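J.: Listed below, chain by chain, are the residues.
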Amino acid sequence: MIPTNYFIILSAVLFGLGVIAFVFKRNIITIFMSIELMLNAVNLAFVAFSQALGKLDGQVFVLFVIVVAAAEATVGLGIIILIARNRRSLNVERVDLLKL
Amino acid sequence: MSPQLAVFFVLAALSVLGAVSLIFQKHPIHSALSLIVVMVSLAGLYLLLGAEFVAAVQIIVYGGAIMVLFVFVIMLLNAGAEEHTNISKMAGVAGIPLTVALAGFIAAAIARSNETVQAAAQTGAVASTKGISNMLFKDFVYPFELTSFLILVAILGAIVLAQRENE
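Going down the list, the sequences are from chains A and B. Residue numbers for the first sequence, in our numbering: 1 to 100. Residue numbers for the second sequence, in our numbering: 1 to 167.
One or more of the hints may lead you astray.
Unchecked claim - If you anchor each label on the Cβ, the simulated ranges turn out as follows:
id: 1; chain 1: B; residue 1: A111; chain 2: A; residue 2: V42; range: 14 to 22 Å
id: 2; chain 1: A; residue 1: N5; chain 2: B; residue 2: L17; range: 16 to 24 Å
id: 3; chain 1: A; residue 1: V65; chain 2: B; residue 2: E83; range: 29 to 37 Å
id: 4; chain 1: A; residue 1: N5; chain 2: B; residue 2: H27; range: 32 to 40 Å
In case anyone wonders, no lab produced these hints; they're calculated from the structure. Note that the structure is a prediction, hence the values are computed from the model and not measured. Yeah, the Cβ is synthetic: ideal placement off N, Cα and C, and Gly gets one too.
Could you put together the complete structure from these sequences and hints?
T.: This is the structure we're talking about:
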């Protein structure tokens with residue numbers, strides 16, 4: 001029997017690493033991947049609490065999070081393709097104007 | 001140390017190593033492969049928690065569909081190694097203290113919660129796919145229908161965004 005605290009601490013560590021990647025990476029695709037990492041960390045906390053409380057609500061929430069992440073990845077990657085087409089670069093520092 | 005705890009530590013170390021590797025890899029395709037390592041080890045942790053349906057969905061949807069989409073876009077755009085400029089060094093000046101502060105807040109919140117969650121008795125019947133589908137189609141049927149609408153909007157949005165304008 002593994003203590004729930006271990007899972008919560010691992011979830012917090014993964015979330016923190018996701019935040020670090022979000023702040024320090026310069027490639028727009030990698031920044032997007034760090035958002036997915038943070039969503040995964042939160043999912044781990046959901047499943048851990050679901051098991052600890054003996055209720056299935058957490059696992060249903062995880063399914064909804066996964067669906068929303070898939071929709072977000074679709075639209076986000078479409079936006080990334082548009083940015084790459086217009087700016088000829090994937091560096092976020094080159095995306096600093098509101099106009100084209 | 002029980003075998004379960006040993007498996008937990010192996011999978012936890014693997015996921016943290018994958019996340020660190022995501023940060024330190026220069027090329028986006030290597031970061032994507034590191035993220036797949038994280039997702040597969042998280043699926044193993046879900047199995048350890050007795051959530052076998054969520055583990056399968058994690059592998060199929062995250063490791064399969066979403067990461068294939070990422071790798072596909074990386075190859076489509078021919079993304080190279082990332083470049084660092086002076087502004088990205090400025091991001092480090094502001095980012096390191098803020099990240100340390102965030103980690104401190106999370107650690108304090110975990111340390112302050114003295115009440116450990118009472119672990120429920122392990123019954124295989126609770127964490128079953130049948131129970132999840134019962135909840136999903138009875139208690140959460142309205143959000144479930146809304147997610148299908150969300151996916152429809154996402155498909156339309158992706159088509160409109162990626163479409164080339166005809167002259």
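J.: What are the numbers of the hints that this structure violates, sorted from low to high?
T.: none
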